[in-house]
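J.: Sequence:
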Amino acid sequence: MPEFSDEADVTHAAKRELRVALLAHRRSLSASRRAEAAARVQAELVTLVRRLRPARMTGYVPVGSEPGGSDLPEVLRAALPPEAELLLPVLRDDLDLDWAGYAGAASLHAAGRGLREPTGPRLGRAAVAAAELVIVPALAVDHGGRRLGRGGGSYDRVLARVPESALTVALLHDGELVEAVPAQPHDRPVRAVITPTDGLRTLTREPVV
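Last residue of the sequence shown: number 209 in our numbering, and the count goes up by one each step with no gaps.
Incorrect hints may appear among the rest.
With a cut-off of at most 16 angstroms between alpha-carbon atoms, the simulated EDC-like pairs for lysine to aspartate or glutamate come out as follows [claimed, not checked]:
#1 Lys15 with Glu117
#2 Lys15 with Asp142
#3 Lys15 with Asp174
#4 Lys15 with Asp156
#5 Lys15 with Glu179
Computed beta-carbon distance windows for the label pairs [what the hints assert, rightly or not]:
#6 Glu83 with Ser107: 17 to 23 angstroms
#7 Arg19 with Pro121: 21 to 27 angstroms
#8 Leu91 with Ala129: 39 to 45 angstroms
Treat the hints as calculated values from the structure; they're not laboratory data.
For every residue, glycine included, the Cβ atom is placed at its ideal position computed from N, Cα and C.
Please construct the entire structure, taking both the sequences and the accompanying hints into account.
T.: Next comes the structure, spelled out in structure tokens:
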């Protein structure tokens with residue numbers, strides 16, 4: 001069905017309305033509540049990383065009211081084995097994501113859209129395919145793993161390159177794991193979410209080992 005069909009228009013509108021509501025709720029969170037949520041999400045991620053001990057994983061630098069805290073990459077790097085790689089995204093002009101290794105807070109620079117990105121060598125879009133643990137942002141996720149992002153499609157493309165053996169985890173605030181997210185055929189699900197109160201929740205039949 002073409003993207004300009006009535007059904008696609010309805011889905012786009014439903015996504016837009018849900019995004020507006022979720023972003024407004026995030027903006028309403030106090031600084032202390034955001035800090036508490038970040039600490040809890042980080043603690044759950046540290047436990048997961050130490051248990052899985054991935055040789056390569058991806059993360060990102062949360063901005064604004066996104067859960068996880070701006071120091072998330074440093075927290076993840078400290079939890080990884082010394083020889084493991086932590087890759088962070090680099091936004092391309094076409095809104096796809098390239099990847100580069102994280103080498104400490106000093107290796108980050110301010111980029112467009114308020115993002116902070118690594119300055120190291122670019123590893124290519126396919127670098128994510130070798131990651132065993134993939135951490136992604138989301139505004140909401142439903143119980144089937146369907147994820148609502150900010151609308152650029154960057155992480156739908158990323159998730160299409162991730163093998164089924166990898167664990168994909170979205171970071172959420174409380175209340176953002178919802179009953180249903182409007183979805184289209186190109187939308188890619190995640191396998192699990194982390195929320196401040198409930199911690200790690202697997203959304204598919206396959207357990208997190």
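J.: Starting from the hint list further up, note which numbers the structure goes against and sort them upward.
T.: 1, 3, 7, 8
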